[in-house]
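The whole structure should be built from the sequences, with the hints applied where relevant.
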Amino acid sequence: SKLTYILQDALGGGGSSNNSRTMMIVNVSPVSLEESLNTLQFATRVRNIQLSTAQRNQNISGSVAEKNLHHTISTLQQQVRSTQTAHDATAAQCYSLQKENARLQEQVKGLEK
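The numbering of the sequence shown is the working numbering, which starts it at 4 and goes up by one.
Treat each hint with caution, since some may be false.
Quick list of simulated restraints, FRET-style, between CB atoms [said to hold, decoys possible]: (1) LYS5 - GLN81: 34 to 42 Å; (2) MET26 - GLU69: 29 to 37 Å; (3) GLN53 - ASN30: 52 to 60 Å; (4) ALA92 - LEU72: 52 to 60 Å.
Calculated directly from the structure, the hints in this document are not laboratory data. C-beta: ideal position from N, C-alpha, C; glycine also.
Here it is in structure tokens:
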């Protein structure tokens, strides 16, 4: 089921400790007999799952995942640099426009006299 897939890491023990346990608490209600029956069937399936000892993922140098992460980091660093450059250019343009606005306001004041 989708729920089992989402919970697979938690149901497998998850951590580096071999002493972990998983507990499932289900709630049944006389209001919805069909839903309660499905919940009990799911809990029974989960209870019958045989788990092996949880193992820590090995960090394999040069793995595809590691290369993808390095590529992603490089791409993000480039985006940060590009965004900073664009921000700096925008800030300079804003400063220039503010100065121009102040100059024009002074001109308007001079014309009103």
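Taking the hints in turn, this is what the structure says about them:
| no. | hint | in the structure |
| --- | --- | --- |
| 1 | LYS5 - GLN81: 34 to 42 Å | holds, 37 Å |
| 2 | MET26 - GLU69: 29 to 37 Å | holds, 35 Å |
| 3 | GLN53 - ASN30: 52 to 60 Å | violated, 25 Å |
| 4 | ALA92 - LEU72: 52 to 60 Å | violated, 31 Å |
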